[in-house]
Amino acid sequence: MANVNIKPLADRVLVEPMAAETTTASGIIIPDTAKEKPQKGKVVAVGPGTKDEDMTVKVGDSVLYGKYSGTDLKLDGVDYLIMRESDILAIV
Amino acid sequence: MANVNIKPLADRVLVEPMAAETTTASGIIIPDTAKEKPQKGKVVAVGPGTKDEDMTVKVGDSVLYGKYSGTDLKLDGVDYLIMRESDILAIV
Amino acid sequence: MANVNIKPLADRVLVEPMAAETTTASGIIIPDTAKEKPQKGKVVAVGPGTKDEDMTVKVGDSVLYGKYSGTDLKLDGVDYLIMRESDILAIV
Amino acid sequence: MANVNIKPLADRVLVEPMAAETTTASGIIIPDTAKEKPQKGKVVAVGPGTKDEDMTVKVGDSVLYGKYSGTDLKLDGVDYLIMRESDILAIV
Amino acid sequence: MANVNIKPLADRVLVEPMAAETTTASGIIIPDTAKEKPQKGKVVAVGPGTKDEDMTVKVGDSVLYGKYSGTDLKLDGVDYLIMRESDILAIV
Amino acid sequence: MANVNIKPLADRVLVEPMAAETTTASGIIIPDTAKEKPQKGKVVAVGPGTKDEDMTVKVGDSVLYGKYSGTDLKLDGVDYLIMRESDILAIV
Amino acid sequence: MANVNIKPLADRVLVEPMAAETTTASGIIIPDTAKEKPQKGKVVAVGPGTKDEDMTVKVGDSVLYGKYSGTDLKLDGVDYLIMRESDILAIV
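Residue numbers (our numbering), protein chains in the order written: chain A, 844 to 935; chain B, 844 to 935; chain C, 844 to 935; chain D, 844 to 935; chain E, 844 to 935; chain F, 844 to 935; chain G, 844 to 935.
Excised from the complex, chain A in its bound form (with noise of 0.2 Å):
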């Protein structure tokens, strides 16, 4: 995970997506069905939060989200997302 230099406004989350095929350590497969699937990613920087809402995750969280969460981003060679918190499903 490389450093990152930027800053997200609000409550977006930069996030480095991993390969979505993948059995990773923790055993998660993402099933390759009709419905939407959610994704598995890696937070590198974080908003600092609203009026009405603080942040929640962490850099270095692995995370899940929606399948079409979120912008692309490249930084540096480097693919990501930025998206909402509320976007983001659960940590894992």
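Check each hint, because a few of them may be wrong.
As the list claims (entries may be wrong) - Okay, derived cross-link-like pairs now, DSSO-like style, lysine-lysine, Cα gap no bigger than 30 Å in a straight line: (1) B:LYS901 / A:LYS885; (2) D:LYS917 / C:LYS894; (3) A:LYS917 / G:LYS910; (4) D:LYS885 / C:LYS901; (5) E:LYS917 / F:LYS910; (6) D:LYS894 / C:LYS850; (7) G:LYS885 / A:LYS850; (8) G:LYS910 / F:LYS850; (9) D:LYS917 / C:LYS901; (10) B:LYS850 / A:LYS885; (11) B:LYS917 / C:LYS917; (12) B:LYS850 / A:LYS850; (13) A:LYS917 / B:LYS901; (14) D:LYS910 / C:LYS910; (15) G:LYS910 / A:LYS910; (16) D:LYS901 / C:LYS850; (17) G:LYS894 / F:LYS917; (18) E:LYS850 / F:LYS901; (19) A:LYS850 / G:LYS901; (20) D:LYS885 / D:LYS901; (21) B:LYS917 / A:LYS917; (22) D:LYS910 / E:LYS885; (23) G:LYS885 / A:LYS901; (24) F:LYS850 / G:LYS850; (25) F:LYS850 / E:LYS901; (26) C:LYS901 / B:LYS910; (27) E:LYS901 / F:LYS910; (28) G:LYS894 / F:LYS901; (29) B:LYS885 / B:LYS850; (30) F:LYS850 / E:LYS910; (31) A:LYS894 / G:LYS917; (32) F:LYS901 / G:LYS901; (33) E:LYS910 / D:LYS894.
Stated by the list, open to error - Here are a few chain F residues that sit away from chain E, every Cβ distance over 12 Å (derived from the structure): (34) ARG855; (35) MET861; (36) MET898; (37) THR899; (38) GLY913; (39) LYS917; (40) VAL935.
Derived by calculation from the structure, the hints in this document are not laboratory data. Treat the numbers as computed from the prediction; the structure is a model and nothing was measured. Backbone N, C-alpha and C fix where the C-beta goes; we use that ideal spot for every residue, glycine too.
Starting from the known structure of chain A, arrange chains B, C, D, E, F and G on it as the hints suggest.
Coordinates of chains B, C, D, E, F and G only, in the frame set by chain A:
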């Protein structure tokens, strides 16, 4: 019900679905009609809730939820659903 | 009205529908017109309400509700509907 | 106006519609144009209101309401409409 | 402007429309273009307002409102419009 | 800029549009591209604001607003637009 | 970055876009994929914020924003975008 290492965010709940047509101990039979049918499952993980909403369901509860609620997730070979508590209709 | 072992969440109500065309003791007849028609049922279980909304209906109340309200549910061979209290139009 | 045994929930009002083209004592004539026309009726039952909204109309009030407001309901052979007070335009 | 016996509910206003193309004393001419044009009318009755909103317009005010605002209403042979105060653009 | 006798309601602003392609004293040129372009105008009347929102613009301000904002209005032979302050992008 | 004489209203920000495909000093490369891509720009003017929201970005910040955010504006021959701060994803 396997132990799972997953922390749902906010008001989300991780549910292990039960077979849809089974007659359970409490005798619930999901009818096979044209209208949208509730599904039954076991709660395996519960988020901390939100500022506006405390959580009602607990790990181990049997719950009913709408047919298209939540997002599929496979964990250690088991299929789960992750949904908001507001998608849960009742505890049975 | 059978005893049921089900706890609706939040502001949800479990209703046992009555036959739609019957003339009841209080004489209500559901008209057969093109407009959406209310249905009649008996309340069999009531959720605890929400932070914003206390519950008004009680177990045993006869209620009217819109034709497409709620979700079907079969319990010990009986058909029920589970709906939000805001889907209930009136107590009769 | 028959006595009715019905308790509208929340901010709902039970209205007995009057004939749409009649010239009444106060001389109101509902015009027959292409635009949506208000309807006139008599209030026969009023809900308790909500936490956010007290009720303004009373039983016996003559009210105007939009053409497609409310839900049809037949009670002891009389046609009624049940609608939210916010669907009522004016007392006449 | 006839006396009318009508009490608009909440934040509703009863308006007697003026002829759309007339040049009035204050010289306002409604242009005939493709864009939506405001209409001019005289306020003949005003509701009590809501808990969230006091009323600004008074009986006798000349007001401008959008072309498709409000609901038609004929009263003692005169055409009126009943609309929410938020549909009124300005007092002229 | 003519004196006008019009009182916008709530958070509405009466704006006299300026010619769209002119290069003004401050050098603003509205570009001619496919994307929606802001327009420039002079504020000639300002509403009192709402309970939730005080007004920022003042009579005489030059403002930019979106191309499709507001409603056309001709007053003493001059074309105006009446819009909500939230439709105004900036003071220039 | 030219000095500009423009005051964005409320929570709006004036941004001078940077060339989309350039590799900048911090090494950000906007990827050329089918998904919506963030754009990079320099903040040149910032509104005062709203009652509900203080401003986070400052003049001179480099920011990322969605591809279709904001409204085009040409000022002294330079192309700008004016957008709400909520359209800004991150400071880089």
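Going down the list of hints, with the structure as the test:
{"no.": "1", "hint": "B:LYS901 / A:LYS885", "verdict": "28 Å, holds"}
{"no.": "2", "hint": "D:LYS917 / C:LYS894", "verdict": "35 Å, violated"}
{"no.": "3", "hint": "A:LYS917 / G:LYS910", "verdict": "14 Å, holds"}
{"no.": "4", "hint": "D:LYS885 / C:LYS901", "verdict": "29 Å, holds"}
{"no.": "5", "hint": "E:LYS917 / F:LYS910", "verdict": "38 Å, violated"}
{"no.": "6", "hint": "D:LYS894 / C:LYS850", "verdict": "25 Å, holds"}
{"no.": "7", "hint": "G:LYS885 / A:LYS850", "verdict": "15 Å, holds"}
{"no.": "8", "hint": "G:LYS910 / F:LYS850", "verdict": "39 Å, violated"}
{"no.": "9", "hint": "D:LYS917 / C:LYS901", "verdict": "24 Å, holds"}
{"no.": "10", "hint": "B:LYS850 / A:LYS885", "verdict": "15 Å, holds"}
{"no.": "11", "hint": "B:LYS917 / C:LYS917", "verdict": "29 Å, holds"}
{"no.": "12", "hint": "B:LYS850 / A:LYS850", "verdict": "25 Å, holds"}
{"no.": "13", "hint": "A:LYS917 / B:LYS901", "verdict": "41 Å, violated"}
{"no.": "14", "hint": "D:LYS910 / C:LYS910", "verdict": "20 Å, holds"}
{"no.": "15", "hint": "G:LYS910 / A:LYS910", "verdict": "20 Å, holds"}
{"no.": "16", "hint": "D:LYS901 / C:LYS850", "verdict": "36 Å, violated"}
{"no.": "17", "hint": "G:LYS894 / F:LYS917", "verdict": "34 Å, violated"}
{"no.": "18", "hint": "E:LYS850 / F:LYS901", "verdict": "36 Å, violated"}
{"no.": "19", "hint": "A:LYS850 / G:LYS901", "verdict": "13 Å, holds"}
{"no.": "20", "hint": "D:LYS885 / D:LYS901", "verdict": "10 Å, holds"}
{"no.": "21", "hint": "B:LYS917 / A:LYS917", "verdict": "29 Å, holds"}
{"no.": "22", "hint": "D:LYS910 / E:LYS885", "verdict": "25 Å, holds"}
{"no.": "23", "hint": "G:LYS885 / A:LYS901", "verdict": "28 Å, holds"}
{"no.": "24", "hint": "F:LYS850 / G:LYS850", "verdict": "25 Å, holds"}
{"no.": "25", "hint": "F:LYS850 / E:LYS901", "verdict": "13 Å, holds"}
{"no.": "26", "hint": "C:LYS901 / B:LYS910", "verdict": "28 Å, holds"}
{"no.": "27", "hint": "E:LYS901 / F:LYS910", "verdict": "33 Å, violated"}
{"no.": "28", "hint": "G:LYS894 / F:LYS901", "verdict": "19 Å, holds"}
{"no.": "29", "hint": "B:LYS885 / B:LYS850", "verdict": "16 Å, holds"}
{"no.": "30", "hint": "F:LYS850 / E:LYS910", "verdict": "19 Å, holds"}
{"no.": "31", "hint": "A:LYS894 / G:LYS917", "verdict": "34 Å, violated"}
{"no.": "32", "hint": "F:LYS901 / G:LYS901", "verdict": "25 Å, holds"}
{"no.": "33", "hint": "E:LYS910 / D:LYS894", "verdict": "35 Å, violated"}
{"no.": "34", "hint": "ARG855", "verdict": "6 Å, violated"}
{"no.": "35", "hint": "MET861", "verdict": "17 Å, holds"}
{"no.": "36", "hint": "MET898", "verdict": "14 Å, holds"}
{"no.": "37", "hint": "THR899", "verdict": "19 Å, holds"}
{"no.": "38", "hint": "GLY913", "verdict": "9 Å, violated"}
{"no.": "39", "hint": "LYS917", "verdict": "4 Å, violated"}
{"no.": "40", "hint": "VAL935", "verdict": "24 Å, holds"}
Figure legend: structure checked against the earlier numbered hints; hints not met, in rising order: 2, 5, 8, 13, 16, 17, 18, 27, 31, 33, 34, 38 and 39.
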